[in-house]
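Undergrad: Put the two chains together into one complex, using the hints given.
Chain by chain, the residues:
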Amino acid sequence: MKMNKKLLFSLVGYGLALLTVAVVICHLAAIKEMDATVSAAGRQLVVWSGGAALALVLVLLGIILFLTKRIAQHERVARETHTMQQHIEFILGATNTGLDIIDSQFNVRYMDPAWQKLYGDPAGRKCYEYFMDRDEVCPGCGVVKALGTKSVTVIEEVLVKENNRPIQVTTIPFQNEEREWLVAEMKADISQRKQAEEALRTSKERYEHITSNIPGLVYQFVMHPDGSYSMPYASAGSRELFGLEPETIVRDAGALLDLIHPDDVEVFNLHVRESADSLKPWRHELRTLVDGKERWYQGVSHPHRQPNGDILWDGVLLDITERKQAEEELRKHRDHLEELVAARTSDLKAGNDELQREITERKRVEQALRESEKHLRVKLDYIMSPDEEPSSLSLLDLVTLEDLQQIQDAFAQAMGVASIISDVEGHPITTASNFCGVCEIIRSTEKGNKRCIRSDKIVGEKAMKTMRPTYEKCLSCGFVDASAPIIVAGKHIANWLIGQSNAMGVDRGRIEKYAVEIGADVDAMLAAYEKMPQMSIEKFEQILNLLWLLAKEISTLGYNNLKLTKDIAERKQAEDELRRLRNLLSNIVNSMPSVLVGVDLQGRVTQWNREAARATGIAAEQAQGRLLDEVFPKLQSEMEQVRKAIRTRQVQEDLKVPRRVDGETRFSDVIVYPLLANGVEGAVIRIDDVTERVHIEEMMMQTEKMMSVGALAAGMAHEINNPLGGILQGAQNIQRRFSTELAKNVQVARECGTSLDTIRAYLGKREIQGFIEGIRESGTRAARIVANMLQFSRRSEAQVVLADLPELVERALELAASDYDLKKKYDFRRIEIVREFEPDLPQVPVVVTEIEQVVLNLLKNAAQAMQEEQSDEKKPHIILRMKREGDWVRLVVEDNGPGMNEPTSKRAFEPFFTTKGIGVGTGLGLSVSYMIITNNHKGTMTLDSTPGKGTRFVIHLPLERKAL
Amino acid sequence: MNAVVGKVLIVDDESVVRLNLAAFLEDEGFEVTVIANGEDALKMLAETPIDVAVIDLRLPGIDGNGVILRAVEIQPRVKFLIHTGSVNYQLPAALRRLGIEDEHVFQKPIEDMAVIVEAVRHLMGERET
Chain E
0 MKMNKKLLFS LVGYGLALLT VAVVICHLAA IKEMDATVSA AGRQLVVWSG
50 GAALALVLVL LGIILFLTKR IAQHERVARE THTMQQHIEF ILGATNTGLD
100 IIDSQFNVRY MDPAWQKLYG DPAGRKCYEY FMDRDEVCPG CGVVKALGTK
150 SVTVIEEVLV KENNRPIQVT TIPFQNEERE WLVAEMKADI SQRKQAEEAL
200 RTSKERYEHI TSNIPGLVYQ FVMHPDGSYS MPYASAGSRE LFGLEPETIV
250 RDAGALLDLI HPDDVEVFNL HVRESADSLK PWRHELRTLV DGKERWYQGV
300 SHPHRQPNGD ILWDGVLLDI TERKQAEEEL RKHRDHLEEL VAARTSDLKA
350 GNDELQREIT ERKRVEQALR ESEKHLRVKL DYIMSPDEEP SSLSLLDLVT
400 LEDLQQIQDA FAQAMGVASI ISDVEGHPIT TASNFCGVCE IIRSTEKGNK
450 RCIRSDKIVG EKAMKTMRPT YEKCLSCGFV DASAPIIVAG KHIANWLIGQ
500 SNAMGVDRGR IEKYAVEIGA DVDAMLAAYE KMPQMSIEKF EQILNLLWLL
550 AKEISTLGYN NLKLTKDIAE RKQAEDELRR LRNLLSNIVN SMPSVLVGVD
600 LQGRVTQWNR EAARATGIAA EQAQGRLLDE VFPKLQSEME QVRKAIRTRQ
650 VQEDLKVPRR VDGETRFSDV IVYPLLANGV EGAVIRIDDV TERVHIEEMM
700 MQTEKMMSVG ALAAGMAHEI NNPLGGILQG AQNIQRRFST ELAKNVQVAR
750 ECGTSLDTIR AYLGKREIQG FIEGIRESGT RAARIVANML QFSRRSEAQV
800 VLADLPELVE RALELAASDY DLKKKYDFRR IEIVREFEPD LPQVPVVVTE
850 IEQVVLNLLK NAAQAMQEEQ SDEKKPHIIL RMKREGDWVR LVVEDNGPGM
900 NEPTSKRAFE PFFTTKGIGV GTGLGLSVSY MIITNNHKGT MTLDSTPGKG
950 TRFVIHLPLE RKAL
Chain Z
0 MNAVVGKVLI VDDESVVRLN LAAFLEDEGF EVTVIANGED ALKMLAETPI
50 DVAVIDLRLP GIDGNGVILR AVEIQPRVKF LIHTGSVNYQ LPAALRRLGI
100 EDEHVFQKPI EDMAVIVEAV RHLMGERET
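Line by line, the protein sequences give chains E and Z. Mapping of the first sequence onto numbering that gives the first Met the number 0: position 491 corresponds to residue 490, and the numbering continues sequentially without gaps. Mapping of the second sequence onto numbering that gives the first Met the number 0: position 37 corresponds to residue 36, and the numbering continues sequentially without gaps.
Treat the hints as calculated values from the structure; they're not laboratory data. Since this is a predicted model, take the numbers as computed values, not measurements. A virtual CB, placed ideally from N, CA and C, is assigned to each residue, including glycine. Some hints here could point you the wrong way.
Here are a few chain Z residues that sit away from chain E, every Cβ distance over 10 Å (derived from the structure) [claimed, not checked]:
1) Leu41
2) Ile49
3) His121
Each pair of labels, with its calculated beta carbon distance range [claimed, not checked]:
4) E:Leu814 x Z:Leu90: 21 to 31 Å
5) Z:Asp62 x E:Gln734: 28 to 38 Å
6) E:Arg178 x Z:Lys42: 51 to 61 Å
Which chain E residues stay away from chain Z? Per the calculated CB distances, all over 12 Å, these [stated by the list, open to error]:
7) Asn175
8) Ser211
9) Asn589
10) Phe666
11) Leu807
Bound-form chain Z, shown alone (with noise of 0.2 Å):
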């Protein structure tokens, strides 16, 4: 537990929640970065490498949707988990070519952070493989 078992990249506006999912994912020994906005995040990922990213839909600036997309020119290697507040959030073709499926998608509030803790490794595990 002590050892570092990933780089996890949080993408969310919401400072709670960024604080929240940072303190969890970080108790269960992950490396967590927390940002703000998609153009810092992406400024982010062409310096340092990542694991597994999970973002939040509705940001200022770029969108969710967009920051993935241009992620993975960046890094493409890196994983996605989707978490999101919209009801009514689809999936776009575009993110389903980069392997990302409806078991992906997070609906907000998510009740108990070990399922997302559960996601994070389950991503981990595909990277190794």
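This is chain E alone, in the form it adopts within the complex (with noise of 0.2 Å):
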């Protein structure tokens, strides 16, 4: 388009100049050629027309030039216009952003290329069938909006052909140089803010689920710069322990802190400022105090500091009550115990030292339980949160004191060695096995003792540091010591020492010099030096290595009782989630409205769910592990089906299988699949009943039936009434024209040589009149037929008028007795009439004649079907009941006629299913009646016959005036 315009000027300039120079070379060819012959005015003509011819071309030249200067201004903004373009595709192409233009006919008028690649050339395609695949415009359609109002519109979509990628879409409205209006829509991809939301809407989700199941209080509690309180989320375990929605605490925390006892505030709020100021977790065991009854909790909770200076801790609240019960309790009863023991102590004293033992020694096991309860808990506490301080692990949570002393003294006699653990402070763990009597005595006295403790971290700490078997001289006489580190876990947590070994040569003097200075006896000091035992410093070097085995050996012991304490406590742990996933899992399963069974390949019971043990009335207890064909005998033809999920390890269905249950046809979908599940073969047997589906999916085929008769009835009735007219009329008037009662007929018959009498004995001998009744007859029928067929397509006219039921129920009935006194086939005035009407029944809209039909077809099918079973036995009665349900009026019409059996009844809806002899009905009747009631009034109409008893019709008419 932009090159054709180009080339037009360009063409359109040089025609324009090579005509000039035509014009120019034609007249200086005239003057020249003027010269001779011309007169000299002809000649100034001829110049001053020359003269014009010039200043023609300069104007020409002018024009050309502009025009040129506009072509290259028209060219450089095409350039321009291409690069922007090309630039706009590429940033498009690169967040994967679409853009398209599309005009108000829904043609596409552009699509970036990007795009084009994926979807194609959009040339003569609307952009519902070239984007979404479709016949028709969106439901919602931004294009349409954006137009209507004028305005940009955003809007999501998914894209099917790109497996439903989520787009969001701007439509922007624009007018172009024809002010014509279009679009421009951007269609940006939303993926990753989908799956954004999804995974945030799953995290909610399961954080809410995970809350609501903690067996707590779940909170965050914030402590303000001004030192009030708040608490700004509490899960619903709120309402369990404190009787308080989570709504309320949130919105004040007095709520739950104005409950906490009285006596505890004070230690509550201390705490909690400790809490905060340290930064360390809040533990904390709290009463409250609510209508002067006690209640025990314990917290836990992690503070931290937020950017306004607000301190937030998460943490949860246990209801402890019936723990501290407990252990109140059993202190109490010590107590009781106790003062028993202690008054029955004073008056048997004498006789009584073996009890007397007795309890103390009771002491000393609940001591030692105590104890071991506090260690245990040490160790969890370590076990459950890493992060704590390493000090409060200590070797005694690990190895026990006897195991640690046997080994020691058993190590301390074989090697003649002074030996004694500590822990890295120097404070000794065992007791000290073959001490020398120097450091007895210096043990002895408070300053050596300190001393010695002192000597002995440093021995450790060097130990340590150099993680290499090294002795130090001690910082007492300067005797030989040495240490082994034990380190559980990475943690330095005790060391084992060994030495007193004068094994460097300590000097009297030292000694003497030392006892002065701790304040001991300088003699026995001495003499106890006399008599310690000599070592060569190899030998205690060669101690001292195998020392470092056997520490090493006490900490891989440690180590393996840490690991096993936590592998119990994770087992634990885990035995735990799998009991609450079971829980869950079953709980889930029971609460499935479907029968649920598990089978194994031999077709014993594996699970039974709840609904399973309705459907059978065996418990699941009683159900497991028993054969399905004893405890489930209707799935007893299920088992092949069973095998064969289990053999092609694919999902087997039996759908809409029926069965009578109390006299009635139900159906059930079984599907069996198939289980695998730790090389345990086996299948699960799925039942639902869906015997209201499979009705409705039956009604709406009826419906559908009905109305495609409707539709062709209307199609063709106006052809086929035409024709009946003429069988009709040309009948009637045959019959007339061979009547006596015309006196034109005797005229003619005269007139014609003969008389009407002979015509009329011919015609009665070969039955004549017979045929032609015959023919109107049949006319008659056709033309019934056809009208009633007509009943299944929507009349527009039919009018809907609140009416009287009653009113038009007594109409229905006269018609009927007229009907049949007409035909006098059958005697309506031999039927009882029973009317059950519900008093002041509501008006309902309907389409009178329409419901005149229904009840009118109801009253002469009734009356048809009694007067063929004639018997003397049963009087014949039809019951006619209404009465108002809801918002509906429900109308039965009853009989005590023969009944259908269910074939039959089945099939009664149906267009063209009669039962009664050929030309007595058309076998429309109950099928129109269906269709005015369900299809034109929006009601319901069902059947219901128990053959030899009699057939109720129950129709219901909604109240409320619909779409009729």
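TA: Following this line, the structure appears as structure tokens:
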């Protein structure tokens, strides 16, 4: 297009230039030629016109220049536009954003190249077809909206051609140069946003699920810089724990805090402040006092400092009242016992040593128990929160004192060295073994003991630092000491020390001096010194090497113990988790409205949900492990499906399986899922009762069938009615023209040389009157069939009015009576009519003639059926019931006739289905009635029949005038 | 019965309908004219006075409604019965203004032509008053 314009401009330019040159040349030639022949005036004219031509040339040159410039400008603009378009397209491609332009007829005028690659050429295709694979405008179309409102609209869509990729479409309406309204659409990919939203939603749900299932209150607690408290979050646990709604607590933390026992408030505040200052976890036990009753709670929470100066704790609060009560009980009991014992002791002091000992022993055991519980708690704390201070892990948490002492004693005895195990601060854990007299004296003084401990600490630290078996001189007397560190899980928790060897030759003077310094008996010290065993430094080094090996063993032992404890805790946690999961699963399985039965390959029940128990009356415990055909005989036939499912590993379906329940046919979907778990083969049988669905499907098929009959009838009614008219009226005329009542008939017969009587005699003998009557009757019946079929196609002029149903029914009864009188086939008066009408029924919006027709139809059917079954024992009756049921009026027409068997009642509403003799019914009465009720009046119509007892039709008509 | 009791015009493109209606009405003593289309019917009305016209709706050329509207301009006193095979015919307001009502519309097929005789007689009576 642009190229063409350019070309056009140049052509016009060149054309004009050539023309001008031609004009000038012609002029010059003319002047030259005229020189000789033409007069001066003539020459003047030519010269003048030559000047004019020159001016014209100049003007044209100007125009050409202007045009050339315009063309250059055009080219530049085009070039820039092209570049910009390329830029935009590059950006769109990089951001996976689509850009298109669509007109008001939904034609895609432009589509960026990146999308064209994927979606193809949009030429000649509508946007909904091009993008969405649809045949018509998409619901909620952004183009329609944007063009309608002339403003930018934003909608979200999914691209079906791209695996439902979600996009955000921004539609911008604008006018092009031709003032035509178009829209530009930006299609931005929002998969990631959608995924993020989904992830957020799932995470939130999971969080809600977790908090609501935690036994206790999960909360957030805030201390503001002014010292006030608030609680921005509380889980649903608050209801059970405190009888408070989470919202109440969030609105006013006071609702919860005011429950704290007055005696505990001060301590509580103190703990909170401490935790806030140190930012260490808040662990606290506190009481509440509600209506004079105390309850105990234990809370754990971790503080975080917020940018605005708030301190925020995330924590959990548990109700420990029962534990506290049990403890209190125990204490009271013990106190009581002790009191008793004490009382008895004072009375029988002399003879009660035995008892006394017993009490002491018990106290010791209790103490030990308490100690052990404390250890356990420390250990667990460590395991549960590895960030805790390392010092809280002690060697005795991991190895018993007895074991340690035995090893240490045996080692010291065998090696002939003194030995002790201390913590990292140098404080003894074990009792010293094989200590020399000097050291015993030193340790017995306060100052000496302190120095020894410090010395042990330093020796231990040095060993830990070098991680090599080395020895040091002790701080007390310069004896040789050495240490092997005990390290568990990377933490230095104890030192195993040996020493007190005089291997380096300590002199008496130093001993004497030190004895004075620490205030010990100098002579005793010296005497003890003399008795000290001597040992070579090599021997000491050998012993030290062995010590390191043993210390390493103890470390390993401790580590293994620690791991074991951890494993046990983890296993317990896993078991709890498993139990919870199993509970959850069985809850889900039991909540399912389907029967779920798990079986193994032999047909033994492995799973039995609540619905299965309900259906069979056999509890899950009793069904477990028994053969399927014993506990669920109806499923015996499914075992083949089970085996097939297991063999093929494919789901097996038996849909709409009919079975008889209480004389009624119900339908089930039986689906067998193969199950493969831990190599155990089996299957799950799922049974759903789909009776309702099957009925609805049947009804829908019924309605559809009738609608198609209606459409067909409407199409052909006109074509059939004309020839029917010919048949009916022709027959009527024939009959009349044989009648003696018309004078003209007699006259014409005479004119023809015969008499009407002769003709009539002939007709009578040849039964021609009967044939004509047959034509009329057949025609009448055909006309009625067509008219009935037309009922299936809704006529627009039908008028809905509020009608009195009982009045309408009375009219139908009158019609029925007269109809029967007329045909003399049955005696309607013989039938007893019972009316059970609820008083004060509201008026119902109906098309009166249609409902009259329905009721008349039902009355006729009932009467006909009862006529066929004439018997003297049973007095025939028809019961008419009417009552209001919510927003409906229920109308029942019930007879005590022969009833219908199931195949008949099933097909009763089907068009052209009839049990009456040929010529009696059209087979359309009930289906027309059904159509009138369900389609025209949006009501329901059902029938319920028992052979030998009678038939009952139940009609529900809506009281509200829906879209009739 | 021998005397002519009135003049009836039947306009219908189906010959069998014309034939039967005409025969029945003639037997009742009416003078009947049958015409197969609207244009000819209007021409006839310009020349001959008619009491009651029985008009089919679906006609070649001008349809029944059009024939009635033009016919009253030619003979204002003529009365009409409509005879139609259409199952959902709605009487147009313009015809209602001429005094034609639902009871003057007959759905084909008429099983007993006595009803149409009844209606024709009734309209004749109206004309006389």
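Undergrad: Was Asn175 (chain E) rightly flagged as not at the interface, with every chain Z Cβ beyond 12 Å?
TA: At roughly 47 Å from the nearest Cβ of chain Z, Asn175 (chain E) sits farther out than 12 Å, so the non-interface label holds.
Undergrad: Compute the least Cβ-Cβ separation between Leu41 (chain Z) and chain E, then decide whether it is above 10 Å.
TA: holds (23 Å)
Undergrad: Checking the smallest CB distance to chain E, is His121 (chain Z) really beyond 10 Å?
TA: Per Cβ check, His121 (chain Z) is outside 10 Å of chain E; nearest 20 Å; holds.
Undergrad: Beyond 10 Å from every chain E Cβ: check whether that's true for Ile49 (chain Z).
TA: Since the minimum Cβ distance to chain E is about 22 Å, Ile49 (chain Z) lies beyond 10 Å and the statement holds.
Undergrad: Can you let me know if the beta-carbon spacing of Asp62 (chain Z) and Gln734 (chain E) is within 28 to 38 Å?
TA: holds (33 Å)
Undergrad: Are Arg178 (chain E) and Lys42 (chain Z) spaced within 51 to 61 Å by their CB atoms?
TA: Roughly 56 Å apart at Cβ, these two residues keep to the hinted range, so it holds.
Undergrad: Checking the smallest CB distance to chain Z, is Leu807 (chain E) really beyond 12 Å?
TA: holds (21 Å)
Undergrad: Holds or violated: is the Cβ of Phe666 (chain E) farther than 12 Å from all Cβ atoms of chain Z?
TA: Phe666 (chain E) is indeed farther than 12 Å from all Cβ atoms of chain Z, at 40 Å.
Undergrad: Please test the hint of 21 to 31 Å on the beta carbon pair from Leu814 (chain E) and Leu90 (chain Z).
TA: holds (26 Å)
Undergrad: Over 12 Å to the closest beta carbon of chain Z is the bar; see if Asn589 (chain E) clears it.
TA: With a cut-off of 12 Å, Asn589 (chain E) remains clear of chain Z, as the shortest Cβ separation is near 58 Å.
Undergrad: Just checking, Ser211 (chain E) versus chain Z, shortest CB gap more than 12 Å?
TA: holds (63 Å)
Of the numbered hints listed earlier, not one is contradicted by the structure.
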